[in-house]
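Listed below, chain by chain, are the residues.
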Amino acid sequence: MTQMTFARAINSGLRKSLENDPKVILMGEDIGTLGGVFRVTDGLQKDFGKHRVVDTPLAESAIMGTAVGLAYRGYRPVVEIQFDGFIYPAFDQIVSQVAKIHYRTQGAVKMPITVRVPFGGGIGSPEHHSESPEAYFTHTSGLRVVSPSTPQDAHTMIQQAIALDDPVLYFEPKRRYHDKGEVDESIEPGAALSMEKARVVIEGTDVTLVAYGPLVKTAKDAALAAADEGVSIEVIDLRSLAPVDFATLEASVRKTGRLVITHEAGQSGGLGAEVAASITERCFYHLEAAPVRVTGFDIPYPYSKVEMHHLPGLDRILDGVDRALGRPNSLSGLEG
Amino acid sequence: MFTDELGQGGNAAGGPDSSAGHHHGAGGSMVQLITPGGERVSHPQYDAWVREVTDEQLASLYEDMVVIRRIDTEATALQRQGELGLWPPMLGQEASQIGSARSLRDDDFVFSSYRENGVAYCRGVDLADILTVWRGNASSGWDPYTVNMATPQIIIGAQTLHATGYAMGIQNDGADSVAITYFGDGATSEGDVNEAMVFAASFQSPVVFFCQNNHWAISEPVRLQSHIRIADRAAGFGIPSVQVDGNDVLAVMAATREAIERARHGGGPTFIEAVTYRMGPHTTADDPTRYRDANELEDWAAKDPIARVKGLLERKGLLTEQLEARVAAKADAVAREMRAGCINMPDPEPMDIFKNVYSTPNSWLDRQEDHYSRYLASFGDPAGANSEEGAR
Ligand SMILES: Cc1ncc(C[n+]2csc(CCOP(=O)(O)OP(=O)(O)O)c2C)c(N)n1
Numbered sequence: 312m313t314q315m316t317f318a319r320a321i322n323s324g325l326r327k328s329l330e331n332d333p334k335v336i337l338m339g340e341d342i343g344t345l346g347g348v349f350r351v352t353d354g355l356q357k358d359f360g361k362h363r364v365v366d367t368p369l370a371e372s373a374i375m376g377t378a379v380g381l382a383y384r385g386y387r388p389v390v391e392i393q394f395d396g397f398i399y400p401a402f403d404q405i406v407s408q409v410a411k412i413h414y415r416t417q418g419a420v421k422m423p424i425t426v427r428v429p430f431g432g433g434i435g436s437p438e439h440h441s442e443s444p445e446a447y448f449t450h451t452s453g454l455r456v457v458s459p460s461t462p463q464d465a466h467t468m469i470q471q472a473i474a475l476d477d478p479v480l481y482f483e484p485k486r487r488y489h490d491k492g493e494v495d496e497s498i499e500p501g502a503a504l505s506m507e508k509a510r511v512v513i514e515g516t517d518v519t520l521v522a523y524g525p526l527v528k529t530a531k532d533a534a535l536a537a538a539d540e541g542v543s544i545e546v547i548d549l550r551s552l553a554p555v556d557f558a559t560l561e562a563s564v565r566k567t568g569r570l571v572i573t574h575e576a577g578q579s580g581g582l583g584a585e586v587a588a589s590i591t592e593r594c595f596y597h598l599e600a601a602p603v604r605v606t607g608f609d610i611p612y613p614y615s616k617v618e619m620h621h622l623p624g625l626d627r628i629l630d631g632v633d634r635a636l637g638r639p640n641s642l643s644g645l646e647g
Numbered sequence: 111m112f113t114d115e116l117g118q119g120g121n122a123a124g125g126p127d128s129s130a131g132h133h134h135g136a137g138g139s140m141v142q143l144i145t146p147g148g149e150r151v152s153h154p155q156y157d158a159w160v161r162e163v164t165d166e167q168l169a170s171l172y173e174d175m176v177v178i179r180r181i182d183t184e185a186t187a188l189q190r191q192g193e194l195g196l197w198p199p200m201l202g203q204e205a206s207q208i209g210s211a212r213s214l215r216d217d218d219f220v221f222s223s224y225r226e227n228g229v230a231y232c233r234g235v236d237l238a239d240i241l242t243v244w245r246g247n248a249s250s251g252w253d254p255y256t257v258n259m260a261t262p263q264i265i266i267g268a269q270t271l272h273a274t275g276y277a278m279g280i281q282n283d284g285a286d287s288v289a290i291t292y293f294g295d296g297a298t299s300e301g302d303v304n305e306a307m308v309f310a311a312s313f314q315s316p317v318v319f320f321c322q323n324n325h326w327a328i329s330e331p332v333r334l335q336s337h338i339r340i341a342d343r344a345a346g347f348g349i350p351s352v353q354v355d356g357n358d359v360l361a362v363m364a365a366t367r368e369a370i371e372r373a374r375h376g377g378g379p380t381f382i383e384a385v386t387y388r389m390g391p392h393t394t395a396d397d398p399t400r401y402r403d404a405n406e407l408e409d410w411a412a413k414d415p416i417a418r419v420k421g422l423l424e425r426k427g428l429l430t431e432q433l434e435a436r437v438a439a440k441a442d443a444v445a446r447e448m449r450a451g452c453i454n455m456p457d458p459e460p461m462d463i464f465k466n467v468y469s470t471p472n473s474w475l476d477r478q479e480d481h482y483s484r485y486l487a488s489f490g491d492p493a494g495a496n497s498e499e500g501a502r
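Protein chains in written order, with this note's numbering: chain A, 312 to 647; chain B, 111 to 502.
By construction, these hints were calculated from the structure, which means they are not laboratory data. Take these hints with a grain of salt, some might be off.
Claimed, not checked - Partner residues aside, some chain A positions facing chain B, computed with beta carbon under 7 Å: (1) Pro-368; (2) Arg-415; (3) Gln-417; (4) Ala-419; (5) Gly-453; (6) Pro-554.
Claimed, not checked - Examples of chain B residues toward chain A, derived with CB under 7 Å: (7) Leu-271; (8) Ser-312; (9) Val-467.
To be verified - With a straight-line Cα cutoff of 30 Å, these simulated DSS-like cross-link-like pairs (lysine-lysine) come out: (10) A:Lys-566 to A:Lys-508; (11) B:Lys-465 to A:Lys-334; (12) B:Lys-465 to A:Lys-411; (13) B:Lys-465 to A:Lys-508; (14) A:Lys-327 to A:Lys-361; (15) A:Lys-421 to B:Lys-420; (16) A:Lys-491 to A:Lys-531; (17) A:Lys-528 to A:Lys-616; (18) A:Lys-411 to A:Lys-491; (19) A:Lys-327 to A:Lys-616; (20) B:Lys-440 to B:Lys-420; (21) A:Lys-411 to A:Lys-327.
Ideal Cβ positions, reconstructed from N, Cα and C, are used throughout, including at glycine.
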């Protein structure tokens, strides 16, 4: 076990993947000599060479589209998109090509591409640097979408994503890059918890609170605060956003009877809607109240001085928990 | 001078800018080795690339062109008879497709658009497999790795990036094969094609950009896409380019061979603009009379790529009755085989739609698949559930 930051844990996972499989290639803007703007790829080009860790021209569609060609040729490209807001020029290649080529070719061509996306807010950045675009990708079949929340998961899940024969969008909560945690680098990715599985982070009996990526820590803090008030919250880290591990969620909701889901992305058409609908379908007779969403607003990501109003914080989450419990809350007295 | 004769955008009426004067760039004249009248003309630079093409090979190129035109006619007929949903004719582009495709080695890899069915024929794609997609039986008709040709791309220009990435892989592998990508004049306006050229030039990847300037992107004339000769754009990326008469099979072959040799030996990418003409509609669903002038078609009919090589064979005394009979028999046989393959193609099974979305199990999809198969089973006869009227 070693203490390391979230960013370092990904770096170490990337290093192991590069060592284990000569077909793994890293591509992106500034990932070579600089080591990426967040230093996640620090030192990798020095150790593996310019052909394994490729500094590309500034063209997101091309980064993704050439990764497709490399995958055709048997490589396993790991693409870094510098910031969430810059993934859109690559959107067409991701949803029309990466996601569909296996289907299109009736299984003949595999697309084992991992797309690393630093995402989410809370770091006081300008426009286009704090977005949560995950729902665009969870809506696209052929893709898998994951988001780790701890250094250990960051380390193992990146290796699992790279080893998988399907394309994976790997969303890295950038405001957690500097958080430290214990990482056991000796765990074989195949022996670790599968990235498709959700994890019960804190057990509880009154409410199921679902979060992923940057908000897992906030959700944990909320559960600890609620415990002081005598409310027992079960916190679940989704880890996989597509597909969602509904089995774990169902088991929890059958026990608690109440569901709150939180994410930074805007509410409408977000992942929370999918979780709420699916859990309602599966656990209708176990639910004591309608599922509650605590999310970002349906606005463009706001300027940094007020971003904390947009981001679900501990208190907004607890207000949502109160709603699920039918306790007095900010919406008490409102119909519907 | 040939540029003037063929003039980008032809003499199409109704474009946004009909002053054709801007469209003749500074990049030199178009390479031509056979005149529209079938006369072999010499070219100081490009003759060398086709010097060893024997009479027999010339006849075989002619045969290929006749055969793919027949594939086109037969597929169009199949569409009209309701056997295919759609077909994108290559009529008029036979020299571009044959001249380039017959310059490739088996281990070179092709990334094309939807119109390169003549190229697919050259790669050895099974005839019926060319039609699978157009019949709607599957999203692809072949395994790319058995013929080293990716399945046709519909998103305009996307495949140029795939070819460039594949070429980067070739470089990494230290191999001497080459990737070639086909696209239209309209595609050159897309960001992907331009980004592909940036990457190919920056990494000096072994990729050939083969643009078939067939003058039209559905209803839009080439002059709406480019204010200069398309070939001249490549210079801005640092990529050598050539404009070649796309209705001249030898000129296309010479230019493609040069580009491929350059790529094979570490010389990086080349851009080829093959100036040709789409004689038919964009697809069988298109009506070109709404946007293009009948005179334009006549002008281009006089430059027909097959008539041209036939003229050359005739001048050389090679156009014998035996040759004509052999070519006709081959075209007939190909058409027969393709038609039979099309009509006898088994219909896909309903549950096939769930296959190959992922290469590993996916709990969301597995559940939907399970639920739908239960739904189908509830009818007893799965075919009944497939009908639009329903079986209830
Ligand atoms: C990204 C994209 N936009 C629009 C279309 C619709 N579309 C299909 S073919 C075509 C014209 C393409 O023209 P060109 O690149 O010159 O190729 P050609 O059809 O002439 O061979 C268009 C607009 C598409 N397939 N993809």
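Cross-check of the supplied hints:
1. Pro-368: At 5 Å from the nearest chain B Cβ, A:Pro-368 passes the 7 Å test, so the hint holds.
2. Arg-415: 4 Å, holds
3. Gln-417: This hint holds: A:Gln-417 lies near chain B, its Cβ roughly 6 Å from the closest one there, short of 7 Å.
4. Ala-419: 4 Å, holds
5. Gly-453: Holds - the Cβ of A:Gly-453 comes within 7 Å of chain B, reaching about 6 Å at its closest.
6. Pro-554: Where the cut-off is 7 Å and the nearest Cβ of chain B is about 4 Å from A:Pro-554, the hint holds.
7. Leu-271: For B:Leu-271, the interface hint holds, since the closest Cβ of chain A sits about 3 Å away, which is under 7 Å.
8. Ser-312: OK, holds: B:Ser-312 within 7 Å of chain A, min 5 Å.
9. Val-467: 5 Å, holds
10. A:Lys-566 to A:Lys-508: Holds, because 19 Å separates the two Cα atoms, which is no more than 30 Å.
11. B:Lys-465 to A:Lys-334: 27 Å, holds
12. B:Lys-465 to A:Lys-411: Distance of about 12 Å is within 30 Å: holds.
13. B:Lys-465 to A:Lys-508: Given that 30 Å is the threshold and the Cα spacing comes to 23 Å, the pair holds.
14. A:Lys-327 to A:Lys-361: 17 Å, holds
15. A:Lys-421 to B:Lys-420: 44 Å, violated
16. A:Lys-491 to A:Lys-531: 16 Å, holds
17. A:Lys-528 to A:Lys-616: Roughly 22 Å separates the two Cα atoms, so the pair holds.
18. A:Lys-411 to A:Lys-491: With a Cα-Cα distance of about 37 Å, the restraint between A:Lys-411 and A:Lys-491 is violated, given a limit of 30 Å.
19. A:Lys-327 to A:Lys-616: Status violated; Cα separation ~39 Å.
20. B:Lys-440 to B:Lys-420: Distance of about 16 Å is within 30 Å: holds.
21. A:Lys-411 to A:Lys-327: Holds, at roughly 28 Å.
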